[in-house]
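Peer 1: Sequence:
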Amino acid sequence: MGKIPDEATLEENSMELGKRGPNPFGADNMKQALSNILVRQQAKGGKISTCFECIPSSTHNYIRFAPQDVDQLLTLHNWAMTYTMCLLIKKL
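Quick note: the sequence shown uses the working numbering, first residue -7, plus one each step.
No lab work stands behind these hints: they were computed from the structure. All the pointers check out, no bait thrown in.
So the derived label-pair ranges between C-beta atoms look like this:
| id | residue 1 | residue 2 | range |
| --- | --- | --- | --- |
| 1 | Gln34 | Glu4 | 46 to 56 angstroms |
| 2 | Ala25 | Ala58 | 24 to 34 angstroms |
| 3 | Pro14 | Ile81 | 33 to 43 angstroms |
| 4 | Asn5 | Ala72 | 36 to 46 angstroms |
| 5 | Leu80 | Asn28 | 37 to 47 angstroms |
| 6 | Leu80 | Ile29 | 38 to 48 angstroms |
| 7 | Met22 | Trp71 | 26 to 36 angstroms |
| 8 | Gly37 | Tyr75 | 51 to 61 angstroms |
For glycine and all other residues, C-beta sits at the position ideal for the given N, C-alpha and C.
All chains, full assembly: derive it from the sequences and hints.
Peer 2: Below, the structure is given as structure tokens:
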């Protein structure tokens, strides 16, 4: 095993992060990118494919589960197992 680095070594090798930017794959960012593509394509006199005329939007909502104790963790686990079994049975 290696030795634990001292504070000076950690400071020397640390990385400073800037402000967190917007999600590059968010719906708003995708709409702007699509708009940029369409403007450039039209400026070149090119045809616009109908597949690029769609408007990106969010399709899923995400829920963060943060169990506070073992009971909540077990409840979440049991719910996930039950839900998965229901999906599997539906496919049969």
